[in-house]
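Protein chains: 2
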Amino acid sequence: MSLLVVGSVAFDAVETPFGKRDQMLGGSASHFSISASFFTDVRVVAVVGGDFSSDELAVFAKHHVDTTDLEVVPDGETFRWFGRYEYDLNVAHTLDTHLNVFAGFEPKLSDASKNSRLVFLGNIQPDLQRGVRAQVPNAELVALDTMNLWIDTTRESLQKTIEVVDLLIVNDAEARQLAEEANLIKAARKILSWGPHTLIVKRGEYGAAMFTKDEYFAIPAYPLESVFDPTGAGDTFAGGFMGYLSSQETIDEAAMRRAMIFGSVMASFNVEEFGTERVRRLTHDEINERFRAFKRMTYFEEIPFERVAQATK
Amino acid sequence: MSLLVVGSVAFDAVETPFGKRDQMLGGSASHFSISASFFTDVRVVAVVGGDFSSDELAVFAKHHVDTTDLEVVPDGETFRWFGRYEYDLNVAHTLDTHLNVFAGFEPKLSDASKNSRLVFLGNIQPDLQRGVRAQVPNAELVALDTMNLWIDTTRESLQKTIEVVDLLIVNDAEARQLAEEANLIKAARKILSWGPHTLIVKRGEYGAAMFTKDEYFAIPAYPLESVFDPTGAGDTFAGGFMGYLSSQETIDEAAMRRAMIFGSVMASFNVEEFGTERVRRLTHDEINERFRAFKRMTYFEEIPFERVAQATK
Numbered sequence: 001m002s003l004l005v006v007g008s009v010a011f012d013a014v015e016t017p018f019g020k021r022d023q024m025l026g027g028s029a030s031h032f033s034i035s036a037s038f039f040t041d042v043r044v045v046a047v048v049g050g051d052f053s054s055d056e057l058a059v060f061a062k063h064h065v066d067t068t069d070l071e072v073v074p075d076g077e078t079f080r081w082f083g084r085y086e087y088d089l090n091v092a093h094t095l096d097t098h099l100n101v102f103a104g105f106e107p108k109l110s111d112a113s114k115n116s117r118l119v120f121l122g123n124i125q126p127d128l129q130r131g132v133r134a135q136v137p138n139a140e141l142v143a144l145d146t147m148n149l150w151i152d153t154t155r156e157s158l159q160k161t162i163e164v165v166d167l168l169i170v171n172d173a174e175a176r177q178l179a180e181e182a183n184l185i186k187a188a189r190k191i192l193s194w195g196p197h198t199l200i201v202k203r204g205e206y207g208a209a210m211f212t213k214d215e216y217f218a219i220p221a222y223p224l225e226s227v228f229d230p231t232g233a234g235d236t237f238a239g240g241f242m243g244y245l246s247s248q249e250t251i252d253e254a255a256m257r258r259a260m261i262f263g264s265v266m267a268s269f270n271v272e273e274f275g276t277e278r279v280r281r282l283t284h285d286e287i288n289e290r291f292r293a294f295k296r297m298t299y300f301e302e303i304p305f306e307r308v309a310q311a312t313k
Numbered sequence: 001m002s003l004l005v006v007g008s009v010a011f012d013a014v015e016t017p018f019g020k021r022d023q024m025l026g027g028s029a030s031h032f033s034i035s036a037s038f039f040t041d042v043r044v045v046a047v048v049g050g051d052f053s054s055d056e057l058a059v060f061a062k063h064h065v066d067t068t069d070l071e072v073v074p075d076g077e078t079f080r081w082f083g084r085y086e087y088d089l090n091v092a093h094t095l096d097t098h099l100n101v102f103a104g105f106e107p108k109l110s111d112a113s114k115n116s117r118l119v120f121l122g123n124i125q126p127d128l129q130r131g132v133r134a135q136v137p138n139a140e141l142v143a144l145d146t147m148n149l150w151i152d153t154t155r156e157s158l159q160k161t162i163e164v165v166d167l168l169i170v171n172d173a174e175a176r177q178l179a180e181e182a183n184l185i186k187a188a189r190k191i192l193s194w195g196p197h198t199l200i201v202k203r204g205e206y207g208a209a210m211f212t213k214d215e216y217f218a219i220p221a222y223p224l225e226s227v228f229d230p231t232g233a234g235d236t237f238a239g240g241f242m243g244y245l246s247s248q249e250t251i252d253e254a255a256m257r258r259a260m261i262f263g264s265v266m267a268s269f270n271v272e273e274f275g276t277e278r279v280r281r282l283t284h285d286e287i288n289e290r291f292r293a294f295k296r297m298t299y300f301e302e303i304p305f306e307r308v309a310q311a312t313k
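Protein sequence lines, in the order shown, are assigned to chains F and V.
The numbering used here applies: residue 1 is where the first sequence begins, and numbers increase by one.
The numbering used here applies: residue 1 is where the second sequence begins, and numbers increase by one.
None of these hints come from the bench; they were simulated from the model.
Nothing false has been slipped in among the hints.
No distinction is drawn between identical chains; accordingly, a pair holds when it is met within one copy or between any pair of copies.
Within a straight-line C-alpha distance of at most 20 Å, the following computed SDA-like cross-link-like pairs (lysine to any residue) qualify: (1) K295 <-> R257; (2) K186 <-> S226; (3) K186 <-> T16; (4) K295 <-> A254; (5) K114 <-> V136; (6) K213 <-> S193; (7) K108 <-> G131; (8) K295 <-> D214; (9) K160 <-> V136; (10) K295 <-> A255; (11) K295 <-> E253; (12) K190 <-> P223.
Please read all numbers here as calculations on a predicted model, not as lab measurements.
In isolation and in its complexed conformation, chain F is listed as follows:
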């Protein structure tokens, strides 16, 4: 009963209006697994170079993240991303990308990984994602992330990958672009018709929405007075979401809704500091406190209106 993530493990160099870091642990699989580790046991399938040090491995170890399938290429270098945010922290400006060992990434799953109950296919090339998906035929739920790059350059392959997963997690703009449909509700209906039973749409400061064939669930974001570094927020959300589901015996609509909240809680912490710095030192009390805050900020009494005076026809 465990959770598998396939994605990138990277060194990020990030500059925001509030400060900078030259080299910190990043990548989709890092953000995802550290977030998910608060709820369940996680295995990581990824690749790093010989420059990946024991300090970074210690972060995974501290969070009981299983790195058996973290391939190390001793004479290669770890994937590096150089990004900058202006005051509009919604837009990441990529200054440079050194794929390094990630360019030749071929996900290799141990038998234990192949038997994972839940699988998250982080944002990598769709052919690779589909290759991994084929190796986990018995997974109860396989979730997929992607990005505009793959919609632009490998739409056909991406479409095939979407057809064989259970759940797609994308942002607002990606959902519209993917479905070629400006109205998000119509876009969601179209995407669900391709195969996934669930679509989750991340909306940044506006929260997130979950679409299934018969249900719609939408939540606001946690209100933050300052966003420090949004890098990895999406993967941290996915980690909280999938991690929580992995902790539950039954994955039904009610569990998925709570998972949406835990995902949002984790993402809200992620953006408060650089990289994984805030999430790393979270406590379950802090997580649950913010979960309860979500309840308080969305609750209203279900009392329909009854006109007592003269009725308007």
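Since chain F is already given, all that's left is putting chain V on it; use the hints.
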């Protein structure tokens, strides 16, 4: 115990990708009062010209909207707005505006109007709004709408007006512009420090949020597959919100939260057809059905996470 609205009554000519209307009943006071009429008794303070016909008056009459303070200038013409929406229905393009009799509008309140329990100051020049506010010193709650035009051209007067009302209703961009603060949560805190005890921020397809000193409440929008004509959605929201509050004996946080839902319900109907066409023929059953839909789409069980297996420190 009634609700007063001061604003515009107009003829709108609207073109959207889905059709057009050359002349239909519009203006903030029209949208507001028809929406509010489903919940309470409404009085309108506005001005129209001799071209305002018995057909339009019949619409108000049918909804029991009191038009005693609707001034008619027989030799003048009613305010006309000519607008167009492209496929991005979030942006209204004003093609032309004929202020006509609205240019010389001086709101005149009868004694009955002056004794209204609740007052909505629709989007007009801030000096006029403040003049009306001074005439309703005993109102339990005075709400204010405004727009970017007044922020740009009459900021000082607008600020003074905001200082003397209880509640401000604006959209996302207006709140940020008003507070000169990109972060909405900080912007809200700043605006509340000027005097109003409540700020409501409308976010279009992303829903709405309500800020008070100690509470935060946020809801998604009703998911619509097609938006036909967004004209008047904001005033229709305000009408549902204030109308519902007016129907309640006690105006507390819980009532305000339900009012947010009823406002959103009314706005969601408004955009389904041209102008006031859809709202005019609503039934209370339809309103309550959509109210319940809001509960379904925002509900989750408050079950904090408890890690049963090995704990992560």
